[in-house]
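Could you slot chain R onto chain F? The hints should help.
Residue-level listing of the chains:
2 protein chains.
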Amino acid sequence: MCVTGGAGFIGSNFVDLLLSKGIQVRVIDNFRTGRYEFVDPRVELYNADVLHEPNSVLLKAFDGCDWVAHFQANADVRHGLERPFFDIEQNTVATSKVLDAMRQTGVKNIFFSSTASVYGGVQMDRIPEDCPFPIQQSLYGASKVACEGLLAAYHEGFDFNAVVGRWVQVVGERYLHGSIIDFTRKLLNDPDRLYILGDGTQEKSGIYVQDLVRGIWTAIQENNTGPSGYEVYNIGTDSTVSVKESAAIVCDVMNVDPVFEYSGRKNGGWVGDNPRVLLDTTKIKDIGWKPQTIVSQAIRKTTEWLLSPECTYL
Amino acid sequence: MCVTGGAGFIGSNFVDLLLSKGIQVRVIDNFRTGRYEFVDPRVELYNADVLHEPNSVLLKAFDGCDWVAHFQANADVRHGLERPFFDIEQNTVATSKVLDAMRQTGVKNIFFSSTASVYGGVQMDRIPEDCPFPIQQSLYGASKVACEGLLAAYHEGFDFNAVVGRWVQVVGERYLHGSIIDFTRKLLNDPDRLYILGDGTQEKSGIYVQDLVRGIWTAIQENNTGPSGYEVYNIGTDSTVSVKESAAIVCDVMNVDPVFEYSGRKNGGWVGDNPRVLLDTTKIKDIGWKPQTIVSQAIRKTTEWLLSPECTYL
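Just so you know, the sequences run in chain order F and R.
When we follow my numbering, the leftmost residue of the first sequence carries the number 1, and every step to the right adds one.
When we follow my numbering, the leftmost residue of the second sequence carries the number 1001, and every step to the right adds one.
Since the hints were derived computationally from the structure, they do not count as laboratory data.
It is possible that part of the hints are untrue.
[To be verified] Label pairs and their computed distance ranges (CB to CB): (1) Q1104(R) - R265(F): 21 to 29 Å; (2) R78(F) - F1260(R): 42 to 50 Å; (3) D252(F) - H1079(R): 21 to 29 Å; (4) G1226(R) - T282(F): 35 to 43 Å; (5) S1056(R) - P309(F): 48 to 56 Å; (6) Q1104(R) - N55(F): 28 to 36 Å; (7) G1226(R) - M124(F): 51 to 59 Å; (8) D1238(R) - M124(F): 29 to 37 Å; (9) L1188(R) - G229(F): 38 to 46 Å; (10) Q1104(R) - R185(F): 31 to 39 Å.
[Said to hold, decoys possible] DSBU-like, lysine-lysine: derived pairs with alpha carbons at most 35 Å apart: (11) K283(F) - K1266(R); (12) K108(F) - K1266(R); (13) K1283(R) - K283(F); (14) K266(F) - K1097(R).
Where a beta carbon is used, it is the ideal one built from N, C-alpha and C, also for glycine.
Isolated chain F (complex conformation) (with noise of 0.2 Å):
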């Protein structure tokens, strides 16, 4: 299998999921915001950036694969306004070329990381895959809703078999850009105060890495034989954390007592946030998966993680 954005958050612990079965790992990596150190020697590495490099890279890449997990993104949902082109560049141009340079080789089955972004602004109780037609809220949704739309068409008109999974607030080890992050760096700056996005109120269906990992294999193996499909899968947790929650269990484990002041944006932390997100994941389920970890204390072990020898990120 290659992963694609193999040194990243997700990708990276994917890989080691793979890794610890046996399979054998191509990593392509353009160490935006990956990281060396997130690269299980055993992995075959490319220095590559599937945006940029000439196509006979990602040929090299995938000649030979079963599978391209493809992750490498532009993650930042939060800026998109600030670089009205980045996000369809790093993720639909970037996934458009993916799904070419596979088509030239014969790779015929990808697992495509999207987001629960796609839903916009629904709000629904809990969203399923097939909720009405979203209406987008962020250039960065938009970008990968077609993503999304470029994989059913290469399975409509190439026969690919393609599985795509959507998620909201993934934390963990290697766990380095979000709000986590962003909670512990302020308290250690400043352990008396805590500056917080929107209202506190905002809550998401958060999910631990390594759940998330087990259900991209879940969905990887439900559909690696057969005739080729289109499936879409989200992957969260039952439950959701406001942000008000998750400050405060980083200051626990920080064991810190900070007055939280909030920017008092309503609806959202910012412009293209979904106040609440709660994904159906019945769909998940009913193939035999379901997360071992419940998000409030994913969101523990991250800090954990944050504030240990090895992270050096802070």
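Just chain R now, with coordinates in the frame of chain F:
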């Protein structure tokens, strides 16, 4: 108003409607498929391509406009697989450039010519705008759903006022691409037999271009005042016409009686073709629009136009 693709089939008919209402119009067209003779001399014409032109051309063309109506696109669904990057570049990346030039010039009202292809494989008696999250079937559909997402993100992030129209199988004067012109050309060449893609049963709620441009105008007027929004409208007729019936109408106008031969493909005429599309048009009817021409009559008019001295494109 600035109309991109304003020398094309739908764009130029829309421009003529605007001119009939005394509206000042700028047209941007790259004349890849647009025609000089479709452009009324009263418009301010920019011979330019929104994708490849330096940004400065777009800035000049948009400067001082109240609305941009963005029609420039690759409108060919069928051959997307032969050039897998083409739709994403011509449609998604191009729309991204249009939106960003609008942002830079402070023009915040956009009409976007989308397509019922974004409904992918959805199978419903009548497809409403908020049907279940569709699975794309073509690179064209994927590229257009991406555009819609970009508009929605610009609405959310930059307070754009965005109106999206979705339609299928537009026919009428200046129609230069699709099954009706294909049939007419083939029958001029050989009036005794007609080769038809699919099994002839594919059916769409097609629309006469004059009805369509009135619908676009209605949607724009409805959203021309008040707070900025993001609104999607299906624009179509209430009944479908099958490919076989279309062919029969063309034959009747041409006074020929060929044997119909079918490619025999089930499930649509080509990969990515939804075999049955009937749009739910409740939303646009609720704001005062309805079609005046039934599809069979529109196909008749189209064939007559194709055969008229005015049309020199056969």
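Evaluated hints:
1. Q1104(R) - R265(F): 21 to 29 Å: Holds: the Cβ-Cβ distance is about 26 Å, inside 21 to 29 Å.
2. R78(F) - F1260(R): 42 to 50 Å: 57 Å, violated
3. D252(F) - H1079(R): 21 to 29 Å: 59 Å, violated
4. G1226(R) - T282(F): 35 to 43 Å: With a Cβ separation near 40 Å, G1226(R) and T282(F) satisfy 35 to 43 Å, so the hint holds.
5. S1056(R) - P309(F): 48 to 56 Å: 53 Å, holds
6. Q1104(R) - N55(F): 28 to 36 Å: For N55(F) against Q1104(R), whose Cβ atoms are near 33 Å apart, the range 28 to 36 Å holds.
7. G1226(R) - M124(F): 51 to 59 Å: Since the Cβ atoms of G1226(R) and M124(F) sit about 27 Å apart, the hinted range of 51 to 59 Å is violated.
8. D1238(R) - M124(F): 29 to 37 Å: 30 Å, holds
9. L1188(R) - G229(F): 38 to 46 Å: Holds - the Cβ-Cβ distance for L1188(R) and G229(F), about 43 Å, lies within 38 to 46 Å.
10. Q1104(R) - R185(F): 31 to 39 Å: 34 Å, holds
11. K283(F) - K1266(R): 30 Å, holds
12. K108(F) - K1266(R): Roughly 24 Å separates the two Cα atoms, so the pair holds.
13. K1283(R) - K283(F): OK: K1283(R) and K283(F) at ~32 Å, within 35 Å.
14. K266(F) - K1097(R): Since the Cα atoms of K266(F) and K1097(R) sit roughly 31 Å apart, the hinted pair holds (cutoff 35 Å).
Checked against the numbered hints above, the structure violates hints 2, 3, 7; every other hint is satisfied.
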